[in-house]
Amino acid sequence: MSLPPGFLEELRTRTSLSGVVGRKVLWDARKSNPGRGDMWAPCPFHEEKTASFHVDDRKGFYYCFGCQAKGDAISFLRETENMDFMEAVRALASDAGMTVPENSPQERERAERRNTLTDVMEEAVRFFRRQLSGGGAAQARAYLERRGLDAAALDRFEIGFAPNGRQVLQQHLVGKGISFDQMAAAGLARSPQDGRGSPYDVFRDRIIFPIRDPRGRCIAFGGRAMAADAQAKYLNSPDTDLFDKSRTLYNHGPARTVSGKDHPLVVAEGYMDVIALCRAGFEGAVAPLGTAVTEHHLQMLWRMSPEPILALDGDTAGVRAAMRVIDRALPLLEAGRGLRFCLMPQGKDPDDLIREQGREAMQTALDSACPMIDLLWRRETEGKSFDGPDRRAALDARLQQLVGQIPDKTVQHHYRTALRDLQWQAFRPPRKARAAFRADPKPVPSSSTRNSLLAGSDGRTEVALREAVILATVISTPEALDEVADTLAEMSFAGPDHQRILDAVLMWHMRQENDLRAQVLAAVGAQCLEKLFTQGHVAVAPAVRAPGNLEIAEMCLSEELPKLQSRAGLEHELREAVESPQAIPADRLAWRLAKASEARNQADRSVLDDRTEYDTGANGAKLNRDEKEAFGKLIDRISFSKPKRR
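Position one of the sequence shown corresponds to residue 858 (my numbering), numbered consecutively onward.
Keep in mind that the hints are not guaranteed to be accurate.
[As the list claims (entries may be wrong)] Calculated lysine-lysine pairs in the DSS-like style (CA-CA distance at most 30 Å, straight line):
| no. | residue 1 | residue 2 |
| --- | --- | --- |
| 1 | K1102 | K1033 |
| 2 | K1102 | K1090 |
| 3 | K888 | K927 |
[As the list claims (entries may be wrong)] What follows is a list of derived Cβ distance ranges for each label pair:
| no. | residue 1 | residue 2 | range |
| --- | --- | --- | --- |
| 4 | E1152 | E1217 | 26 to 36 Å |
| 5 | M1180 | P1202 | 11 to 21 Å |
| 6 | M1180 | A1250 | 19 to 29 Å |
| 7 | D1096 | A1321 | 52 to 62 Å |
| 8 | Q1028 | D885 | 46 to 56 Å |
| 9 | R1368 | G1204 | 44 to 54 Å |
Keep in mind that the hints were calculated from the coordinates and are not lab data. Keep in mind that this is a model prediction, so the values were computed, not measured. In this text, a Cβ means the ideal position worked out from N, Cα and C, and glycines have one as well.
Hey, can you work out the whole structure from these sequences and the hints?
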């Protein structure tokens, strides 16, 4: 939404930056001068013992002389509490006694309605809290005690109890001047669907967990049933103007404050898991509410931390939930965003693990959380057989389809590379077979493989040379990347430091910020880049000697890339032949090797040679047409008559 002119200026004028910052730091009394609004403290953005963080209240800005962090009150809230811009504006406006203007009368009406419903919810919180200490809550208190929750935990998470009466909460709220329509709009009461009978409380005979938004306002409740025969063990408030379960996380606000500050962001499955994690010191714990992790949840999580850890129950349902998250996350991935998965021991959840084995066991489990690609590989391969090339080809197609959903080409490239490595590790021949092949290749390959001209050399040095020329060419003429970036993203370079340089080049092409050479230099270092360009064959390459010449660069790439690709294809065919000599019929193997050889030979022919036109002489020899015509013109100019004497 847009703010009216002058609103932010007035907000900054009314806001005491030192007051906002003072909630997070301890001022250095020796250096600070409150009368002048000149305040100093240890920086909240990096660990230090000296007071190098300065707040100037008169100008409304802060600056750290250690880490160079700077900004105003809005940026401070965004950095320290992971708020977005409008959340920070609303929080500061609330403190300053200002009202953030809404864009339309309808939005103003809706804002007033939400404020009213928030007041209703807070009254319900107080009611449920009082009921927990009453005589009807003895079973609930005993349950909470068995789960290890002491009085401090009950107070911290505001846990309450809903009595087992049809209209107990309604009667209390009516006494506070709250109408049934307001109760229904807040999700606290409802009328029977058939229209018969009196309205009833939504929560009855349940332990109550208040659910608050990132700003700390109660927007919903979760209830754990006490009756063994209850239709739903856990029940959440219905969706209301305040509450959308697909966009809400339990403990969102407190977790947002600490995430990224030595506290991992841990996503658990329920209230008790979050409470157990927080009490064990894992303060950045959250949980979705009665629904699987949605795309909205993922975006919220990534705003708090670049790599949240999903701590899921170690049962079949927990594994299935993790697999569903993978499918939702793939189309949203981009550089700097990821997920890790911490699968609990079989039959355990975080609450169980902490109560039975202590905080250290939970820390060990989080430390061993695996990246998403490992779980993706496990899902696509576990319990399946890949004993033939056709099955491996089907797996490869499936993996390429999944990775193709990633919109960020650089991330997509790295996923493809990692999956190729996993495939190679899984399907390469056993150690003994590889050793036998190296010692005596004759017993392992078939006769077709032994007789192939392709089996004589691995060509690694040649491949590294071509990689170096390609990299130096695109760095010298970045415009050439537009035509070849997709091709390069599909490739994996094997030369020394070549993959690192390629990754930096592709990363620059995605954003094209600053200078390409400068970005590569920052990514790999001066020594690595100098080593690339000082190689003799690179230094004399025409595309390197003529930087910025797009025509020469494109000509170079159009020759070198096909050669590199053809060698990669050849290596793949040879590897298949060596690993599975009996899986491919001999005639089929010979045909594939011949085609691979033909592709390599075709690529080795220069583009200039391919464009040459030939005439066939009387003896059957091929004559270059251009050279033949030039020679004919030369002959025509030659005269065999004697010059006249003067």
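We went through each hint and held it up to the structure:
1. K1102 with K1033: Distance ~28 Å between K1102 and K1033 Cα, so the pair holds.
2. K1102 with K1090: It holds: about 17 Å lies between the C-alpha atoms, which stays within 30 Å.
3. K888 with K927: Given pair K888, K927 holds - Cα atoms ~19 Å apart, limit 30 Å.
4. E1152 with E1217: 26 to 36 Å: With Cβ atoms ~35 Å apart, the hint holds.
5. M1180 with P1202: 11 to 21 Å: holds (19 Å)
6. M1180 with A1250: 19 to 29 Å: Hint holds: Cβ distance 23 Å, inside 19 to 29 Å.
7. D1096 with A1321: 52 to 62 Å: Given a distance of about 59 Å, which is inside 52 to 62 Å, the answer is holds.
8. Q1028 with D885: 46 to 56 Å: holds (55 Å)
9. R1368 with G1204: 44 to 54 Å: For R1368 and G1204 the Cβ distance comes to about 46 Å; the hint holds.
Of the numbered hints stated above, none is contradicted by the structure.
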